[in-house]
Amino acid sequence: MTALDRRTGRPDGALADGGRPGGRSVTVLRTGPQALVQDLGRPGHAHLGVPPSGALDRPSLRLANRLVGNPEDAAGLELLLGGLVLRANASCTVAVTGPGADVLVGGRLRDSPAHLRPGDELAVGTPRDGLRCYLAVSGGITVPAVLGSRATDVLSGLGPAPLRPGDELPLGVPTGVPTGADVLPPLGVPGELVVPVVLGPRDDWFDDPAGRLHLGRWSASERSNRVGLRLDGTALPRTAAHRGRELPSEGLVTGAVQVPPDGRPVVFLADHPTTGGYPVVGVVPPDALPLLGQARPGTRVRFHPHG
Amino acid sequence: MRLRRCGTDAVLVEVDSAGEVEAVRAAVHAAALPEVVELVPAARTVLVATRPGGLPAVRRVLAAVRLGDPVDAPGREVGIPVVYDGPDLDLVAATAGLTPEEVVRLHTGAVYTVAFCGFAPGFGYLTGLPEPLRQPRLDSPRTSVPAGSVGVAGEYTAAYPRSTPGGWRLIGRTDAPLFDPDRDRPALLSPGDRVRFRAVR
Chain A
155 MTALDRRTGR
165 PDGALADGGR
175 PGGRSVTVLR
185 TGPQALVQDL
195 GRPGHAHLGV
205 PPSGALDRPS
215 LRLANRLVGN
225 PEDAAGLELL
235 LGGLVLRANA
245 SCTVAVTGPG
255 ADVLVGGRLR
265 DSPAHLRPGD
275 ELAVGTPRDG
285 LRCYLAVSGG
295 ITVPAVLGSR
305 ATDVLSGLGP
315 APLRPGDELP
325 LGVPTGVPTG
335 ADVLPPLGVP
345 GELVVPVVLG
355 PRDDWFDDPA
365 GRLHLGRWSA
375 SERSNRVGLR
385 LDGTALPRTA
395 AHRGRELPSE
405 GLVTGAVQVP
415 PDGRPVVFLA
425 DHPTTGGYPV
435 VGVVPPDALP
445 LLGQARPGTR
455 VRFHPHG
Chain B
925 MRLRRCGTDA
935 VLVEVDSAGE
945 VEAVRAAVHA
955 AALPEVVELV
965 PAARTVLVAT
975 RPGGLPAVRR
985 VLAAVRLGDP
995 VDAPGREVGI
1005 PVVYDGPDLD
1015 LVAATAGLTP
1025 EEVVRLHTGA
1035 VYTVAFCGFA
1045 PGFGYLTGLP
1055 EPLRQPRLDS
1065 PRTSVPAGSV
1075 GVAGEYTAAY
1085 PRSTPGGWRL
1095 IGRTDAPLFD
1105 PDRDRPALLS
1115 PGDRVRFRAV
1125 R
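Going down the list, the sequences are from chains A and B. In short: position in the first sequence from 1, add 154, done, that's our numbering. In short: position in the second sequence from 1, add 924, done, that's our numbering.
Just so you know, these hints were derived from the structure itself, not from any lab. Worth double-checking, as some hints may not be accurate.
Here are a few chain A residues that face chain B, going by a calculated C-beta distance under 7 Å [as the list claims (entries may be wrong)]:
(1) Val182
(2) Ala200
(3) Leu202
(4) Pro355
(5) Glu404
(6) Val407
Here a beta-carbon is modelled for each residue, glycine too, at the ideal position from N, C-alpha and C.
For reference, chain A alone in the conformation it holds in the complex (with noise of 0.2 Å):
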């Protein structure tokens, strides 16, 4: 079969599909910018300064964890932009979901999920739009837990590094059975966001915060990254009684829009430092929250006050 033809080698034979439980791998042969374990992270640590951590589009995940008969919860590879080349060290059933991008096993498009013989190249094109797809192997990636999560946290440096070639990641044992979806629709992203949010708990520090949250227009910066959402467009300034003055730091939720002297807004995501000391305007709430995770550079960005 054309796959197996195409493959550039065997893995390594200690490794290979051998009926050695532990041994089920895959093999990171290339990276797009950046890819990298998560799971639904580490929640209930911010008190020892611990950020929550775990993937960005969440349903995309557990979707992916569905398609191949995984706990919701089980750990798979987090994609910004796809590139993504793996080897397949064992027979295993891989989704890729999030954005449309395409999935070539041995070269040739295939649906997701698709099924891997040890042997197997997979290939995860760039999306079409948004910015993340996720990929989820049968068995789930069963690197070391930290604080009971897979997740790499840019912020904090907790778990596993960002992937690079040549790494190989342990698999699980399959314990469910892949749900085996014919079509898998792509999640569409729009290029605008309207984004609900609820005001607080520092709305009183800004003028007219409701006002200004409706009429801004933002766009979502190039400097943003797993830590937090950074807009550009419309400034939020401080009432007169609240310039200058400074904020004792306080714990923060995923989802805060917090903002910083200069009045640009940063949408906190789930590498998000536990504290802070700029006030928070108000709180995008959970379910908003997958979308920014696929906001490219420049989309475009309302919100929708209410509260």
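Fit chain B to the given chain A structure using the hints.
Same frame as chain A, but now just chain B:
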């Protein structure tokens, strides 16, 4: 006590002192509500984040908190050995009008409380710093503060769990395991813990 809305599933409790922060934190912690996901004390606030629908239970606990009462369930006692040879020890002594030896005596003589953690995993902000050691940050922060550095800034003293940029005045260093994710308790210091520093050579 003022409750500030913080999204759909969290509330920011604002109070007037570090002692009141500890009273709120200890009360919510003691209630052991299954709905609570994060309980994050800070300088003058306590953030309580819950699973969806968990806020009413939190509000009931908060309504029963008496801020003036002393917190009667003190945290663990933690001893931290420090070699007092920090690069800013002389600066801290000069600013306080003391000798370096007197700075060490003051710093080791106090009992501190972990008011909150933040900035980096395992970085605890300790209150209880003697007045003469309450000093401003350096005019120009260091681009890299070595892991284990012990410093003072404002009303706080702290030990750096790992190397980061930082502007605290550094008076010593410790080899205490401040943060090790492989341990049962990854962070040596947790909010509410009592801390004493001990001079070693």
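Now the hints, each set against the structure:
no.: 1; hint: Val182; result: violated, 23 Å
no.: 2; hint: Ala200; result: holds, 4 Å
no.: 3; hint: Leu202; result: holds, 4 Å
no.: 4; hint: Pro355; result: holds, 3 Å
no.: 5; hint: Glu404; result: holds, 4 Å
no.: 6; hint: Val407; result: holds, 5 Å
Comparing the model with each numbered hint stated earlier shows that hint 1 is the single one that does not hold.
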